[in-house]
Structure formats: C-alpha cells, structure tokens
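Engineer: Spelled out from the first residue to the last, the chains are:
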Amino acid sequence: MKHRRKRELPLHLMILPSMILLLCFSYLPMGGIIIAFQKFIPAKGLFGKQKWIGFDNFIYLFQLPNFVSVLWNTLFIAIMKIILGLLIPIVVAILINEVKNSALKRSIQTAIYLPHFLSWVVLGGIFIDILAPGDGLINQIIKAFGGQPIFFLGDNKWFPLTLIVTESWKSFGYGTIVYLAAITGIDLSLYEAAQVDGANRWNQIWHITLPGMRMVIVLLMVLSLGNVLNAGFDQVFNLYSPPVYASGDIIDTFVYRIGMLEAQFGVATAVGLFKSVISLTLISVSYWFAYKFADYQLF
Amino acid sequence: MEKRIIPTGLSAILIGGLLLTACSSQTGVSSSTVSSTGETGSVVETGNSAGAEDADPFGKYEPSVKMTFARTVDNDLNDNILPKTPGETIDKNRWLDLYSKDLGIDISYAWSVRGGLNDDAYTQKLNVTIASGDLPDVLIVNRTQLKQLAESDMIVDMTDYYDQYASKLTKEVYNSEGPGILESATFDGRLMAVPYADASVESTQYLWLRKDWLDKLNLEPPKTMQDLRKIASAFITLDPDGNGKNDTYAMAITKNLYNGAMGVEGFFAGYHSYPNMWVKKDDGTLAWGSVLPETKDALRALSEMYQAGEIDPEFGIKDGAKMAELVAAGKLGIDFGEQWNPMYPLISNYQNDPTADWVGYPIVSADDKLPKVPQKFRTQWYYAVRKDYANPEAVVKLINLHLEKNWGENNEFDHYYMPAENEGAGVWKFSPVTPAPTNKNLEAFNEIQKARKLGDMSILKGEPAIIQKNLEAFYAGDTTQWGWEKIYGPDGVFNALNGYIENGQVMREEFVGAPTPTMVDKQSSLRTMELEMFVRIIMGDVPVDEFDKFVDNWNALGGAQMTKEVNEWYQSVKK
Amino acid sequence: MKRNKKIKWFPVINTAILLTLALICIIPLIHVAAVSFSSSAAASAGSVSLWPKEFTTNSYAFVAKRPAFWRSMKVSIIRIILGGGLSILLTITAAYPLSQPKESFRFRTVYAWFFFITMIFNAGMIPWYMVIRQFGLLDSIWALILPGAVPVFSVILLLNFFREVPKELAEAAFIDGAGHWRTLLTIYVPLSKPALATLLLFSLVANWNNWFDGLILMNNPDNYPLQTYIQTIAVQRSFSMMTREEIQQMAAISDRTLRSAQIFLGSLPIVVVYPFLQKYFVKGIVLGGVKG
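Heads up: the protein sequence lines correspond to chains A, B and C, in order.
Heads up: the first sequence is residues 227 to 525, going by the numbering used here.
Heads up: the second sequence is residues 15 to 589, going by the numbering used here.
Heads up: the third sequence is residues 19 to 310, going by the numbering used here.
Everything labelled a hint here was simulated from the structure, so no lab data went into it.
Think of the CB as a built atom: it goes at the ideal place given N, C-alpha and C, for glycine as much as any other residue.
There's no promise every hint is true.
Straight-line alpha carbon distances no greater than 20 Å define the calculated PhoX-like cross-link-like pairs of lysine-lysine that follow [claimed, not checked]: (1) K331(A) with K26(C); (2) K578(B) with K295(B); (3) K326(A) with K26(C); (4) K563(B) with K588(B); (5) K464(B) with K475(B); (6) K244(B) with K345(B); (7) K454(B) with K182(B); (8) K106(B) with K80(B); (9) K232(A) with K120(C); (10) K301(C) with K331(A); (11) K115(B) with K80(B); (12) K578(B) with K588(B); (13) K401(B) with K80(B); (14) K536(B) with K265(A); (15) K98(B) with K211(C); (16) K98(B) with K80(B); (17) K230(B) with K259(B); (18) K331(A) with K120(C); (19) K225(B) with K310(B); (20) K265(A) with K275(A); (21) K230(B) with K244(B); (22) K26(C) with K120(C); (23) K275(A) with K588(B); (24) K483(B) with K98(B); (25) K297(C) with K326(A); (26) K294(B) with K578(B); (27) K326(A) with K301(C); (28) K277(A) with K265(A); (29) K369(A) with K259(B); (30) K120(C) with K211(C); (31) K383(B) with K237(B); (32) K454(B) with K483(B); (33) K386(B) with K310(B).
If the Cβ cut is set under 10 Å, some of the chain C residues that face chain A in the computed set are [said to hold, decoys possible]: (34) F80; (35) M143; (36) I248.
From just these sequences and the hints, can you work out the full model?
Structural biologist: Right, dumping it as structure tokens:
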C-alpha cells in the first residue's frame, strides 16, 4: 500500500496546479449559482441579504413572451449548424484526400483553415460589410445576375440561414482535420487490392474510404448532441440587431442582455442553470450512446 | 529513488510558483485596501471640520482629501483631445490640477472603460462593480442603478450636502427646467445623488433639408406635412442630384428610429404623435406616447413613404454610422434631428459636394394645429456617493467649480472648455463631473444675433466669442467650420427654436421619476418589442393594423401596469 | 477506355471545386485588406471589392500613430506567450496522470470528473468576476491568463493521445528506474509533438481571439487586449442622446478604411502563424478510443 501511494504521489503533484486553478476559477464561482434562486439586487452584493424566491426566476423566465421563440431559435440554429458541420467536412475531406499533388493539397488546406482562426469580432465587422444589402460584395454579385438584393442580416427569413451558412463557412475547413486523420489511418493495402480488382475512384471512396471513417462519423454525430443548446454567442452577438431578434435571438444573447445590460442577474443565472442542466442530460445521453455503439470512452 | 527527487521538486516548484502568485496578489489587495482606508480615515476629521465650520461652496480642504471615480474614455477624448493636449493625460490634466489646487480634492480613477456612458461596456463594468460591492467613492449611475443603490442603502443621502454646498450658479442651473432635474434623483423626498444636469432643450427636433435640392426643383420650404411629402416624392423622382440616375432616397432614418440624427420623432410630431416618452393626455393622465392612436397615423405615413421608395429599403439594419454613409454620398435630402446634425453627419455631405446646402427648419404638421415639439427629459446620469465616504459634499464642490470656471462671472472658458490654443479640443472632458447650463447654446446664439444686429462682435465673451470665431473662420474659407454656420449663423437652426418657444410649441416630458418596479423589469423588453414592431410596420413586413395588436400586447406585457405606476408617481408630485 | 476517361476528369473537377472553396474562404480577408488600402471616399461609396481603389496607405499611417492600438497589440502578444506557454504546460501535466490506467492511479476517475464538470457548469459573470477580483487579479495580465489556463478540452484530447503511446515504452522506462516525470518528459512528450503543436495553437488562438474578458476584467483601456480594442471601435452606435460636443469628431472616427486597417492588422499575427503548425494538425488530433 505504502509503495503504491509513493508511486502515485508524483501523479497527484502533477495534476495539482491544474486542480488549484480549476478550484479557484471554476468551482469557487459555482457557489454563485444560488443567485438563480434569489431576487438578486446587484447593489446588495453576492453575500448581501438577498431575497430568496425559490423557482420564481425560472417561472418568470418561462412566462416571458419571447422565451419560447428564443428556445426555438437556439435549437433550430444549433441543430442546423451541427448537421452542416458534420456533412460538409466529410465531403471535403474525401475530396482533399483525392488530391495527389501535395503542394496543392497543402495550399488548399491552408486556405480553408483560415476562417477558423479569425474571431467573430473581426468576422462580424467583415460580414456586416460584405453582406450589406446595397453595396455589399454578395449583393453586388446577386444584382449582377439580375437578382433582388437580400437583407441577410436584417430579414427574419434570411438571418438564421445566414448564421448557419457563415458558421459552416468558418468551421468546415478545420472540421476536415478529424476526418483526414481517420482517412490516413485506413490501411493502404485495401486500396491496392481494390485497384487490382478494377474498382474505380468512386467505388474506392464508397467501399473503402467511407466505411473507414464510419466510426469517427458516428462518434462525432453522437458527441455533437451535447451542443444543441449552443448556437454560438460570439457569432450572433456580433451580427444581430433588434429587427432580427425574432429569428436570431438565442439563449446566450438573451442571457447577456437581461444579465449584463439590465442587471437582472437572478434571471440570467437561472437561464444559465437551465441550460447547464439540459446540456448535462444531453451530454450524458450522448456519451452513453458513444460508449454503447462506438465503444468510446472519454476518459 | 534519487532520480525521482528532482522531478518531484519540479512540480513542487510549479505549485510553489502558483501559490506564490496567489499569495502575493492577495497581499497586494489587502495592503492596498489597508492603505486606502487609512487615508480616508485620516481625512475624516479634517474634512468634516472644514465642512462644519462654514458651508463654503468653494472651500478648500486642508490637507487635501482623496476621491476615486470611475469614468469612460470616449473616442473623442482618446483620438482627438489627448493628441491635442500634449503633456496631459486622463490621470493628470488641467482639470484634476485645478480641483487639487483650488479645492484640495485629489481625484484618481478606480477604473475606466473605452466608449461613452451609453455604451454597453460601461453598463457592464458598472453592474459588476456594483454587484461586487467594491464601489469607488463617486459613481456615475443611471436612474435604475441609483434606485437600487438607494434601496440597499449603499449611498449617501445628498439632500443636506446639496442644500448647503451648491453655489448660486449651480442651483440656478439645476432649477432651470423646473423641479424635474432634482426630482428625478429624489426618493421619498430625499435627494440620493446629484444629477448630471443635461439640457432637455437639446433634444428638440428640427427638420433639416437640402435647400439646394429644393431650389433646383423650384420647391418652397415646407409649411405642412403635405408639402413635405410632396418634397419627398420630388426628391426621388425628379433626380435632384442631376446625375441622370434614379438613385436618391428622400428621408434618412435608422434602425434605432429614435435618434438625435436621422430619427423619426420630429416626423411623428407632425401627426401629433410623441413616441418614446411619457406625455400628458387631454384627461390629465400620463401615457406612453408610442401606444397612442396618433402613432398609427405616423407609422402609416412612414410605411407609405417606404413603399414609395422614399426611405432607404435597408434602413432596418443600418445604424447611424451606416446611414451617415448615404448622407455623405449625397443620396438623402430630408433629416429629422437635433441642432448638432450639421456637425455630423451632414457636413460629410458638404465636404464631398460643396453645393450641398442643409438648412434647419421648424417641423411641420399634418393638420392646421401647430405641432408640439417634444423635449425628452435628458438628465439620465447621477453622481452617487459611496456610503462610507467621508466628504460627500466634495462632489458638490466639484460641480460648483466646473460650472463656475466655464460659465461663471469670471470664467476661464478659453482654458477649461474648448481652448483655442488646443485647436478647440473639448478639454472639459478631462473633468470627471461635467454639468453644463441647460440653455447655454440658445443663449449663445441669441447673444451672437444681438451682436450681429449691433454690428459689434467685440461684446461677445466666453462660449459665444469662441463660436463667433468659428463662424468667422468659416467665412474666411475654413470649410471644416461649416456646421457652426448652419447652427449659429444668421439663418441658423436656433431661429427655429426661438420660434418654437414663442409659439408655445415646446412640450416637456412629464415623467422624470425613478423607474417604477415594472419599468425595471419590463421596460427594455417592451422597448425592444416596440422598435421591432415599428420597423416591421414601416417596412411593410406586417400591415399597419398590427399596431392595434401591438398596443394590446404592450399593455398585457406590463405596459398597463407601468402606466398605472407612472400615474401614481404623477399624482404624488402634483400634490 | 471509358473508365480511363472518367479517371482523368475527376481530378480536374475535384481540384476546381476545392479551389473554389479555398477562394471563398480567403475572399473576406482580402476584401478587408482591399478596403484598408483604398481611399476613404472609395470605401464609403462601397465600390471596393477585392482590389484597392485609389490605393493609399493613409489608414495605416493613421493606425501607426495610434498608441492605443499598439498598446493593445502588446498586451495581446504578451498574453499569447504567457497564456499559451502556461496552458500547454498544464495540459501536459494534467493529461499524463489522467491517462494512467485505473490500476496504477486510483483517483483518476475522480479527477477526470472534477475536470469534466467545469466544462458544463458555470455560474455566470458576477461570481466569476468577484473571484478574480478577490484574488487581486483585476487589471493585470494574469486576469486574462489564469482563469482560462486549464483548457479542459485540450486535456481530454491529449490524455487520449497519451493512451495511444505504446505501453511497452513506458514500462521499459520504469524498469530502467525512471519515475513518472522522466517517463513523461523523455517518452510521452517527444512522441506527442504533433498533438502538442496542435493544442498549443488552440490555446494561442483562444487567447488571441477572446475579447469579452478584457472588457470586464481590465480597469484601464490601456490594458485592453487587441480584440477588445477592435470590438470597441467596431461597435455599433445609436445617436440618441448625443450632444454637439460629443458629435464633433464622429466623422473622422467612423472611417471605414481605418476600421478595416485595424481589423486586418488584428487578424494578421494568427494568420501568419498557423500555416507553420499546419503539418501537425492531422497527426495531432486523435479522438480517444477510436482508431481509423
């Protein structure tokens, strides 16, 4: 026993600094979740005599007229992003894998990774310019083909779609990496054998490459379930405006407005808690699935 | 065994390092807290004794007292004023020196944020500061925050300090709009903070028109709304910019609708609709202007104009800066806004096209009744003093001195406000407190007019003299001073304001109290709903009759309750 | 014969599709660069697309004279150096114990949950702010670094990578008398270079792009990191309640080319760095338990 403890000691020590930091900056603040059950007046402070109101903040929240639409927007935007975020990178990864010239392959990869590295603060500024209905780049193109200009960022019909497309644009290139990793793991002799059998490119992709990626695809699909309430604060925050609240306001931006700007911290924390609980449930389910069907263990 | 000692040591160092950081920073905090409380402690006696002896509005503290503030640093300060005032910084400048030298008040800043008081950044930072209980000695807060602070007993009751220490000029300024300014900071009869007096007259709306387009199309300045609608129609159909292309709109409005420039309030007033403020109805009760039936008429008119192409179809997503680009490009000819509009954005039009001649006219009415000119209550910010601060009266003294140095008998306007030697940069912004006389701009105009009549400009002093200098610079060819001519020139927009006052058109906002409970909870979501609905109605996204549904919703979602509370407040002050 | 023809066409179409995609990905940044090098008049008329009109470097000359921009740039650079270094160090030291099998590290499951829970629950801004203030970190660079110094997601990725390291290597090292530290440093770290490069880049990007914490945690705009600075200049403004005094300088400030120049410079460092780490990406990402 003693020997064992001694042997484990360095492991404890290694992990200790991280534990301390998480304790300080993640667990200590978690005590503040109590705010969700208070009529929190900021001026009285976190430890002041706040009034306990049980679940009133939650009830207030669910009764807010726009809460249902906020929830719906969040689900719709997030789920669409998840679907495109799975499909596009799979296709592009397969296409990239078929490029034989390695310099070309690298250049293409460099280009499609680019958007991932730009922040939404920067991209927000860029897209507001590019998507402007009058003189924006995209609408100039639409007009050149004789179309009517579209208010991508101002029209409730288009705004969610714009969010979904721009997010896919930002992340598809980087998303290919996981699939490329899976493809490189495929045994090359399988392709050789197929070629001997006279299989063409399509057949090879269909019968070797895709099945080889199957596990990763299933896994990412399952794991993304945990994200159905994450519609992307940074993106929406930097692109939306009051006319499109109806279709673009998501839980996170909603919390931001009632919390940071209106100082209704009790309600804001309640929304956050609501979201955490739902996410925890979804993540648990998804990991159970991942374990069951892909024999995947996170840790 | 030996081999393992070193690596274990390594992680010990790592941990040690971390703990050390944590420790040292914590001691840093506690020591600074100790020292600051120590300082305030020593100040208590001296400060109080100085105050108790005689309530001198300009009395100097010996030894000096310390005072911490939080402030905003806007783009003007950062990119314009600081570069023009070499040697001065936010933390060390002529104003802070003055306060230290004349009053014995040493000011420092607990924190500052980039942007203005109205920007989200300040609101956020202030809210977290308040919630964390770590207040600077003086905070600039809005009415909601003031109410919260007052209710949780975190700030000083300023009633007596104000009564005793406010100078004559200060009291004059604070009473210039009737009791409203002080009333807005009063809870249960106690003044809980000193307002940052802001001039309601500044929110007066005018009708800015491209006079050169009118002349070109042989049109007269409008006398009625019908005239204006005809002008709008002419501006889009008759090619006023003469480039042979059908590429102009008529009227500038933005997605925020209620704006000091490119807004709709002046237009709505023409239909006797006064949205976005509390107005008195004929029966003597107060109501939210946006939900009164007249608003529907105004919205219908705007949606007709939108349909006709007289409004930029993209206004619903354009903020002021975006719409200003269209103004600059010479695509717009009608702008409802406040007196400063020629300073921005209209001047950008003139700079691209010197023939662009914007002139300010009085707003017009859709029927034979003169329109009321709404003046929204502008005082929104308050200097609140932290409960345990030893010298609450010091903030009143700062205000006294600020007003005195700029607009008092022996002012040094040319050193402390917009000194010529610093290229007219607004150095007054260096001061943490910045109240100004509410009628100063109109008075300056009237003085200049008087001097023009007498033909003797040398009688001008202080701000009017500086304005006159700008006018002369414009006449001498300095085109950057164009805006001054449009406001203060012989045909300046303040003529319209004098007309408003003579005709009794001015209509002040009636509700100036602290936000009612329902307002705190509901107002901003109601505002969002209102804005969204109005923009959609104007854009034809929903029919105008949706307005009635909006009113029902508005009432059901807290508006009715809010109106009730506002009227209770109104009854309580009328007594 | 027929099949041969198909095979010849495929790479051409494929390359064309990919090149189009690549183009779509870089166009926005090119557009910003083009605007930043154009004259103000051309930019505000909206006539600039992918090539500067009336080429000028005016806006860059203007930015060069803005001390606030460069101060923020400096803060961001210090932040990514310290933040990136610290988080990679912590990722390694946390991932290694967690990658141990249960038999040789009994507490690993407890620790793992301790890490995992932080990914799901947080109490929001106020408690978070108060804790950071209590530690006396406000307004210091550490406020930007320490709270996010343990990238839990990266730890999970790396621990899965560590598990892929052949057990025999570690066992051989232990037989040689090496402890955990030496095994980690001489065997695991060198074998995980691609993963570490990838995770380092994650952390650099996160540190570079984060703007919200700067806004809340800094007490002086001089200490804003660059993205926070950019947010304050790109922010939309309404003109309600503005006075003439406030408005006078608006015209010069809302200049589009100037904004574009700062946005472009603000994204440049990351854009320059990542291609050098790119070759590690594919090798670096392994989701635990799944083999291709």
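Engineer: It remains to establish, for every hint, whether it holds in the given structure.
Structural biologist: Hints, verified against the model:
1. K331(A) with K26(C): 18 Å, holds
2. K578(B) with K295(B): Roughly 14 Å separates the two Cα atoms, so the pair holds.
3. K326(A) with K26(C): 13 Å, holds
4. K563(B) with K588(B): 33 Å, violated
5. K464(B) with K475(B): 13 Å, holds
6. K244(B) with K345(B): 17 Å, holds
7. K454(B) with K182(B): Holds. K454(B) to K182(B) sits at ~16 Å (cutoff 20 Å).
8. K106(B) with K80(B): 14 Å, holds
9. K232(A) with K120(C): 16 Å, holds
10. K301(C) with K331(A): 16 Å, holds
11. K115(B) with K80(B): Cα-Cα ~13 Å, so holds.
12. K578(B) with K588(B): 15 Å, holds
13. K401(B) with K80(B): Status holds; Cα separation ~15 Å.
14. K536(B) with K265(A): At roughly 15 Å apart (the allowed maximum being 20 Å), K265(A) and K536(B) satisfy the hint.
15. K98(B) with K211(C): 52 Å, violated
16. K98(B) with K80(B): With Cα atoms ~28 Å apart, K98(B) and K80(B) exceed 20 Å; violated.
17. K230(B) with K259(B): Distance of about 16 Å is within 20 Å: holds.
18. K331(A) with K120(C): The hint is violated at about 42 Å.
19. K225(B) with K310(B): 30 Å, violated
20. K265(A) with K275(A): 10 Å, holds
21. K230(B) with K244(B): 15 Å, holds
22. K26(C) with K120(C): 54 Å, violated
23. K275(A) with K588(B): 35 Å, violated
24. K483(B) with K98(B): Between K483(B) and K98(B) the Cα gap is close to 19 Å, so the pair holds against 20 Å.
25. K297(C) with K326(A): With Cα atoms ~16 Å apart, K297(C) and K326(A) stay inside 20 Å; holds.
26. K294(B) with K578(B): With a Cα-Cα distance of about 13 Å, the restraint between K294(B) and K578(B) holds, given a limit of 20 Å.
27. K326(A) with K301(C): At roughly 18 Å apart (the allowed maximum being 20 Å), K301(C) and K326(A) satisfy the hint.
28. K277(A) with K265(A): 5 Å, holds
29. K369(A) with K259(B): The given pair, whose Cα atoms are some 17 Å apart, holds under the 20 Å limit.
30. K120(C) with K211(C): Violated - the C-alpha atoms of K211(C) and K120(C) are around 25 Å apart, more than 20 Å.
31. K383(B) with K237(B): 12 Å, holds
32. K454(B) with K483(B): With a Cα-Cα distance of about 17 Å, the restraint between K454(B) and K483(B) holds, given a limit of 20 Å.
33. K386(B) with K310(B): 17 Å, holds
34. F80: 17 Å, violated
35. M143: 7 Å, holds
36. I248: With a closest approach of 6 Å, the I248(C) hint holds.
Consistency with the previously given hints fails for numbers 4, 15, 16, 18, 19, 22, 23, 30 and 34, ordered from lowest to highest.
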